[in-house]
Every structure is written in C-alpha cells, then in structure tokens.
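> Listed below are the residues making up each chain.
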Amino acid sequence: MGSNSSGAKPRETILIRSLQDIRPEELQDFGGKAINLARLHQLGLPIPRGFVIPTKGFNWFLTQCQHLDALKVLHQENNDIELILEAAETFYNAASEFEIPTDVAQNITQELDQLHGNQATPQSSYAIRSSATIEDTAQLSFAGQADTFLCVSDKPSILEAIKRTWLSIYSPRSLLYLQGKGIALQKVRMGVIVQEMVLGDISGVMFTANASTGDKNQLVIDATWGLGESIVSGRVTPDNFIIQKEPLAVLHRYLGTKAVYSTPAPRDQPNCTVFLDTPEEKRRTYCLTDAQLFELARLGLQIEKYFGAPQDIEWTYQNGRIVVLQTRPITTL
Amino acid sequence: MTFEMKLVGEGLISLNKSAEGVLREIKSIQDVLTLLKEFKTSEEKGTVEETIVLVEDAGTTTLAPVLSRLKGVVCTSGALGSHLAIVTREFGIPALMGTNLDFDGDLANQRVRIEPREGTTGVLLLTEI
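Heads up: the sequence lines are chains A and B, in that order. Numbering-wise (my numbering), the first sequence opens with residue 15 and increments by one. Numbering-wise (my numbering), the second sequence opens with residue 356 and increments by one.
Watch out, some of these pointers could steer you wrong.
Stated by the list, open to error - On the chain B side, residues computed to face chain A include the following (Cβ under 8 Å):
1. Gly376
2. Gly453
3. Gly474
What the hints contain is simulated information worked out from the structure, not anything from laboratory work. Note that CB positions come from ideal geometry on N, CA and C, so glycine has one too.
Could you put the whole structure together from the sequences, leaning on the hints where they help?
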C-alpha cells in the first residue's frame, strides 16, 4: 500500500538530515524539538547523535491517507469529542497498514549505518522521538502528547516506530490536547528524530526558572535513577532540588520515593524499556551530589543564556558525563 | 459561619496558586468524557461546580479537554517535570504533584483546597463547614 495509487503528481524527495546540520529557520521542515537539539549542538553541548525525517515524510503519509473518511472527520472543525475519538481509532487502524516507501526506508537504513559505522554493537539502540511543528515552541510544549519509542534496536522496528510516531498525532491524548488548545489538526506537521539511545544512570528535568513561583533567580531540578522516562511519564516521585542562581546554592531538597526506575528491557523483550523496583538504599539516597547539581545548574544557565529565555531541559548522566536530551522554552512564565 | 481546614495531603505544586473545589476522581478517558458532559450540561443551566480532579497517573494528559474548566489537579505520582505538571501550567491551573495523601476515608466529592507552601511544596486541605 506504499505506492501512490491515485495517479497524482510524483512525491517530493524526502531528504533526511543530520541533526547537527539543521538550521533554526527550518522549523516547518523539521519541527521544534529537532531545531532546539541542533542549536544545543551548535552551542557545543553533547547531544545524542542522530538524524531527522522531515515533515515532508509526514506530508507524504497524509497524502496516502487522504481517501480515508475517518481522516476527513478529524480534519473538520468538530467539538464532538466522542466522534473525534471514534474517528481517531478508525483512522489509526486503517493508517497502520501503510508502509514507508522503499527509497525512504533505504535512506533511513543508510543513515543508521553511517551513525554507528564500525562502532555498532549488538547493544546499539535508538530513540525515536516526535518533533512536531508546534512542539517545544515558546507558546506550546505539546509535552507528552505524541509517542516516543526508546531502546529500539532492529531496523524493521525503527521503521515501524517512525510510522507510529507520525500516527501518534492522531492518538486520543494528542487530539484532546489540540482540541483543548483550539489548534486545528491540519496545522500540525511532524518531523521524526532518530537518535542513538543514551543509557543514562541518572536522568531528569531542569527548569532554569522556578515555573511554580515564577522566580527567575532559581532553577528547579527533578532527578531519578535510570532513564528519564519515569519522570516525564510521572511513574515516580523523583528527588527535587531548588537551586539559587547567584551565587549558586542549594536552597531546598526533597527526597523522592523513586520507587521504580526505567531501564532497557531484557534481550528476550527487545525494542522497549521496563520499570524495575529501585533497591531500598537507592530510594533513601539523593541521586545527585551537590557537585553534580552545580554542574547541571551551570549548564542550565549556559543554555538559558544562549536561547534567551528560561528553559525546560531534559538531561541524563551516563558514566559521569552529562548529555542533553532536549530543551524547550518554559511556556508559562 | 466558620471554616476549618484539615490537612489531607502534601506534594509539590506546579503553580504558585490556590484552588478550591469539589474533588472528583478520574481513572480513565471515559471519566474525562463524563466530566466534560457534566460541565456542558451545567454550563447550559448556569450551575457550574468548581472542580478539582484527583488522578493517580501523572501521564494523564488526556485531561486536556476538561483542564480549561478545572480549578486544579491533585496527582498522587509525578513531580514538577512530569508532562501533567507542564500541561496544567499551560492552562493556568495548579497541580499538586507526587501528593502523599494522609486521610482515612473517601475524598471523592468532598470540597478541598490546594494551597502553595514554602519553596515548591503545596498542601491539600479538606474544607469542613
């Protein structure tokens, strides 16, 4: 079902681009998350290496689905939420049948080979992440509305995850968010990021302003063991720290329960993560030292200065080294 | 008339703002739709009740259709970096995250109040008349 059977004009070439080569003005081509990651790279900060399937890929996908009545219902202005959810399910099931065109799939495979080259190991895996044109912008976070796939290792599963990421715009939670925000679905375009998976030991979220109180002289850090998925999805109550910016000082620290941690699944369940119980002694221990808190805080200040506004940053520590996973403006100050 | 407040929970607050309303428990997208219908009916009658919802899962971003009509959210998991905290802030309402509830009984349909405290902490109070 991957070919264009309608006899319409030939499809535009879908050029995949390395994250590091994306320019700030290309928001409509690659989406908000990719633009911000590219800027972090340009700032000289460590980000996971990767590439982006441009929004043209998503456009092609939509073209393939144009004939589906359910898509027409979704693209109409409609306040009937039950009708929207019903159409979303019908559309999701029908559109799942489509396959990524062969030439695009080949390009993705080539990019994967280039990414790891001779360094590829049986453990190499990837994160497949949404980068919508409305995502991580100054007005909207779109936080957690589209799907992210972690620890995906084999190529067929990566291609499937890319398609699922496109489709996740039509998930109930995404549609309900867009409806709640009054955003027309047709305005949303989706780039997809494929990045090497960083298996962090400690991960978290840092706000370079106190978004709760509006205090721009403070940073707020959430941190937990393992991958950051457990924090953003809300599966754990992480450690929470409030840091004064000038001079750097820890103002408050709250010990989170950190009952579970996110980690790659065992080999017999490839392409996903699992939540495991955190050992008791790790639950009772803060997962970041003051030295690490200050290292993170300095990084946050650097990113905030470069982006010119307070940021909401996802980060991870892997073997004592920080990797920045994303940054977006705090939308609510 | 005197009002007494009883402390029934503590957590981290996503927005430095108080909120008061009747607590409704949300466990599924179906509960969200039911609540939305109730809001629409009561809006037509002009009898909208101030509402705060209680959820267990901070990944519950499916609350979006009702967020603009809610006064606040209480979540028993998650923290300030959870998607729910970020999304509720966009709708201008406080979410009490990672809330440790300390109450023997059913809080559903009781009138409660979310209040900010020191730092980023907040409390859930049961309003007794």
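> For each hint, tell me whether it holds in the structure or not.
Hint check results:
1. Gly376: Nearest chain A Cβ about 18 Å off; hint violated.
2. Gly453: holds (4 Å)
3. Gly474: Nearest chain A Cβ about 4 Å off; hint holds.
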